[in-house]
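Please construct the entire structure, taking both the sequences and the accompanying hints into account.
There are 6 protein chains.
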Amino acid sequence: MKRIAVYPGTFDPVTKGHEALVLKALPLFDEIIIAIGHNSKKQTYFPIEKRKAWLETIFSNYPQVKIDTFDGLTVNYCKEKNARFILRGLRNPTDFEYEGNIAQANSTLNPEIETVFLISNPGLSIVSSSIVREIHRHGGDISQFIPSGIIIE
Amino acid sequence: MKRIAVYPGTFDPVTKGHEALVLKALPLFDEIIIAIGHNSKKQTYFPIEKRKAWLETIFSNYPQVKIDTFDGLTVNYCKEKNARFILRGLRNPTDFEYEGNIAQANSTLNPEIETVFLISNPGLSIVSSSIVREIHRHGGDISQFIPSGIIIE
Amino acid sequence: MKRIAVYPGTFDPVTKGHEALVLKALPLFDEIIIAIGHNSKKQTYFPIEKRKAWLETIFSNYPQVKIDTFDGLTVNYCKEKNARFILRGLRNPTDFEYEGNIAQANSTLNPEIETVFLISNPGLSIVSSSIVREIHRHGGDISQFIPSGIIIE
Amino acid sequence: MKRIAVYPGTFDPVTKGHEALVLKALPLFDEIIIAIGHNSKKQTYFPIEKRKAWLETIFSNYPQVKIDTFDGLTVNYCKEKNARFILRGLRNPTDFEYEGNIAQANSTLNPEIETVFLISNPGLSIVSSSIVREIHRHGGDISQFIPSGIIIE
Amino acid sequence: MKRIAVYPGTFDPVTKGHEALVLKALPLFDEIIIAIGHNSKKQTYFPIEKRKAWLETIFSNYPQVKIDTFDGLTVNYCKEKNARFILRGLRNPTDFEYEGNIAQANSTLNPEIETVFLISNPGLSIVSSSIVREIHRHGGDISQFIPSGIIIE
Amino acid sequence: MKRIAVYPGTFDPVTKGHEALVLKALPLFDEIIIAIGHNSKKQTYFPIEKRKAWLETIFSNYPQVKIDTFDGLTVNYCKEKNARFILRGLRNPTDFEYEGNIAQANSTLNPEIETVFLISNPGLSIVSSSIVREIHRHGGDISQFIPSGIIIE
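Those sequence lines, one after another, are chains H, R, X, Y, S and C.
The C-terminal residue of the first sequence carries number 153 in our numbering, and the numbering is unbroken.
The C-terminal residue of the second sequence carries number 1153 in our numbering, and the numbering is unbroken.
The C-terminal residue of the third sequence carries number 2153 in our numbering, and the numbering is unbroken.
The C-terminal residue of the fourth sequence carries number 3153 in our numbering, and the numbering is unbroken.
The C-terminal residue of the fifth sequence carries number 4153 in our numbering, and the numbering is unbroken.
The C-terminal residue of the sixth sequence carries number 5153 in our numbering, and the numbering is unbroken.
These are computed hints drawn from the structure, not numbers from a lab.
Each residue gets a CB set at the ideal place from its N, CA and C atoms; glycine is no exception.
Worth double-checking, as some hints may not be accurate.
Below, computed lysine to aspartate or glutamate pairings styled on EDC-like, alpha-carbon distance capped at 16 angstroms [as the list claims (entries may be wrong)]:
id	chain 1	residue 1	chain 2	residue 2
1	R	K1042	C	E5134
2	R	K1052	R	D1071
3	X	K2024	Y	E3112
4	H	K41	X	E2134
5	Y	K3041	R	E1134
6	C	K5024	S	E4112
7	R	K1081	R	D1030
8	X	K2041	S	E4114
9	Y	K3024	X	E2112
10	S	K4042	S	D4071
11	R	K1024	H	E112
12	R	K1052	R	D1030
13	Y	K3002	X	D2030
14	H	K42	X	E2134
15	S	K4079	S	D4068
16	H	K52	H	D68
17	X	K2042	S	E4134
18	Y	K3052	Y	D3071
19	C	K5002	S	E4112
20	S	K4002	C	D5030
21	C	K5042	Y	E3134
22	H	K2	R	D1030
23	C	K5052	C	D5068
24	Y	K3042	R	E1134
25	C	K5024	S	E4114
26	R	K1002	H	D30
Some chain Y residues close to chain X (C-beta under 10 angstroms, calculated; not the full set) [as the list claims (entries may be wrong)]:
id	residue
27	R3003
28	L3028
29	F3029
30	E3031
31	F3085
32	L3090
33	P3093
34	E3099
35	Q3104
36	S3107
37	E3114
38	V3116
39	L3118
Here it is as structure tokens:
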């Protein structure tokens, strides 16, 4: 049976940390679906079309990686895609608490879906989308924090 | 390529938490090697023969699960076994800090080996070997904390 | 002197964790007042009437437990009710930091009021109102997370 | 029914933090038993006789407070003393993780015993016995960290 | 070369904790610029004119301390002021995670600027502006939490 | 008045993290004394002569940096050296709790001495002496974790 993982997130914007996580997870899964959670009520910084396009550019050479958008519960989306695994990165202990609670809630909603955590590379552990947004908002240079293949203006 | 994971630990003694973790990891790997770290200088509470025997009993019906002992660096043992993954459980934020540092050190020693974390089941998050030892040492009943298939006297 | 505790919160909605906490605290106090903090400016997910009715249903067989609403400072409400204790649950270290600061601020405002903490049952530690709301918002089944005596549609 | 709490610890030595915790807990219980855990195999810094005598001096004017020693499991000692509550202080998040696990293990061993946590006073949150020992070992002045009624030489 | 530090913050309102931090940092720097971050889009509780005036009153006898406002990136403001240091206080582990990430991001944006952390005095560790605002909003007495030289109505 | 800092530690062995911390602190102080805590009762992994020699080699080109050994309380050693500052690095939240308590105890023992914290560089946050010792003990290659100018066999 094919091992499929869903990597859900907002990717607002995608960071070097997200990119590294997917590359680290490649040997573990047969297919990784990067799934941009879409919630028409929540305002995001960058439009979903741009976020999707950036991810498609970054992983264009990896047929094993798909880019998609979804709304609703992550576990329902996983079921629809026959994905038994949710992929998430951990950068620090606070991440762990939040992510752990979400993972356990998902596991209660659907016990057949397991969340798999990889740890961020040390040098990338500071790169969070919210810090990148904050720098961008103030006109700072975010190029050091985002994947080298894309341009965010 | 076969996906082989090493699950290193002391298992002094094995707990329900360890058992649940391996069962949750089964769909993710083709083979899981439970590897009891053996250090002749460090004193353990239960002898290594017993710890190995308990694990063999618990997983006797799972041909996918092997039990072994090792000494030396975990990454060297992984290489010897052609294992590209280290499996570890996370129960709480302090676990995360410790495990995260070990994972990053291992990744520096051998960048081809990735540590994969699963989160403990909520009801089992309290079960640590050190608490079980403490209860046992004081003559308390540890049966609620260890896998049902084994007897620890 | 009667030992009265105020258990303040938003209960938006009440969870199995809240229910278990009150039941655990019953032997400790002569009276527990579950006090729904009411702030006309803050938007909640469920209306206060519903939140109050759910709590009344759950604890209808416990004359020792009262349900009330309040606005203003918790310590002032406690004084008005002759309550010397504030009851709060702790699920994880992040809870502790936040709750600890609030407890110390309350203790500075009124040194005669003590905050008493009980720890969540391990199996319930994931149940937070915010996760329950998130699942409900996406149309998921929240029945496993809320007390069995009530129905939240 | 009398509300009896056991406050277990090593008190090696007793600190201002321990003293403040008992005083804060007085309104909550009819009796508080400060129980010095005694383990003939574990080496302590101060002999148990001294530790017991210091506690007896500090609380000599509080008939509600008893001083005792015990070995074995805390929950067994509680049962023997008809104590339904274990009292513990929390200073910081790391305390919480450790104490929380112990509390949940105790609650598994005897579901009728509840651990009650009070938070340390902000100004006393640094005072740990291990830091006091370290200062004493190096010949520093520990008088600011220990209750005013006793002398530790 | 003059050692100049920027102490950036919102100071909404200034607390005893902020005041103590600057006084503790005085021996370390030749000049400390308290810089109120100004963001016309973010709503604050107190107007910037009041926040600036309070700080000016508190430090009126310290010529080494300047009060200023700024918008944009902190590292850019530092460069403009020839400040090589950012001063920040740490109250607890959660502070540390947040502050640490910001410090590392700033250090990536400008490697010549170093963030220097001092730890809050134990008795002041609870004093956060957000708790002070919450008490003020409910009509509570905040005088114990703010510097003695100013009046906040 | 000269700004002198003591950087106390065991340095068993010195790591790239220690080296980076001192280099980052250079602009802040007129003199930094790296002080190896010496306790004849505590067993270390490497002898103190080697630890001192490694530090002397690493900082031989920095006249502003002195290497020394000391026993007794850190605050007493600081006073003897006319140092008003203690320098420490922070890698993660657990570091913070431990270091914060020590800093507050030192500040109680001598209110004129302030502890100054710098944060570890992200890529170096995993490098702890205890992990380096563990790798060395098992015959692993530690060269990636220690300063480039020294050889540890």
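Comparing the hints with the structure gives:
| no. | hint | verdict |
| --- | --- | --- |
| 1 | R:K1042 / C:E5134 | 13 angstroms, holds |
| 2 | R:K1052 / R:D1071 | 14 angstroms, holds |
| 3 | X:K2024 / Y:E3112 | 9 angstroms, holds |
| 4 | H:K41 / X:E2134 | 13 angstroms, holds |
| 5 | Y:K3041 / R:E1134 | 13 angstroms, holds |
| 6 | C:K5024 / S:E4112 | 9 angstroms, holds |
| 7 | R:K1081 / R:D1030 | 13 angstroms, holds |
| 8 | X:K2041 / S:E4114 | 41 angstroms, violated |
| 9 | Y:K3024 / X:E2112 | 9 angstroms, holds |
| 10 | S:K4042 / S:D4071 | 12 angstroms, holds |
| 11 | R:K1024 / H:E112 | 9 angstroms, holds |
| 12 | R:K1052 / R:D1030 | 21 angstroms, violated |
| 13 | Y:K3002 / X:D2030 | 12 angstroms, holds |
| 14 | H:K42 / X:E2134 | 13 angstroms, holds |
| 15 | S:K4079 / S:D4068 | 15 angstroms, holds |
| 16 | H:K52 / H:D68 | 7 angstroms, holds |
| 17 | X:K2042 / S:E4134 | 13 angstroms, holds |
| 18 | Y:K3052 / Y:D3071 | 14 angstroms, holds |
| 19 | C:K5002 / S:E4112 | 22 angstroms, violated |
| 20 | S:K4002 / C:D5030 | 12 angstroms, holds |
| 21 | C:K5042 / Y:E3134 | 13 angstroms, holds |
| 22 | H:K2 / R:D1030 | 12 angstroms, holds |
| 23 | C:K5052 / C:D5068 | 7 angstroms, holds |
| 24 | Y:K3042 / R:E1134 | 13 angstroms, holds |
| 25 | C:K5024 / S:E4114 | 7 angstroms, holds |
| 26 | R:K1002 / H:D30 | 12 angstroms, holds |
| 27 | R3003 | 7 angstroms, holds |
| 28 | L3028 | 7 angstroms, holds |
| 29 | F3029 | 9 angstroms, holds |
| 30 | E3031 | 14 angstroms, violated |
| 31 | F3085 | 7 angstroms, holds |
| 32 | L3090 | 7 angstroms, holds |
| 33 | P3093 | 4 angstroms, holds |
| 34 | E3099 | 8 angstroms, holds |
| 35 | Q3104 | 5 angstroms, holds |
| 36 | S3107 | 8 angstroms, holds |
| 37 | E3114 | 6 angstroms, holds |
| 38 | V3116 | 6 angstroms, holds |
| 39 | L3118 | 7 angstroms, holds |
Violation of the numbered hints given earlier is confined to hints 8, 12, 19 and 30; the remaining hints are satisfied by the structure.
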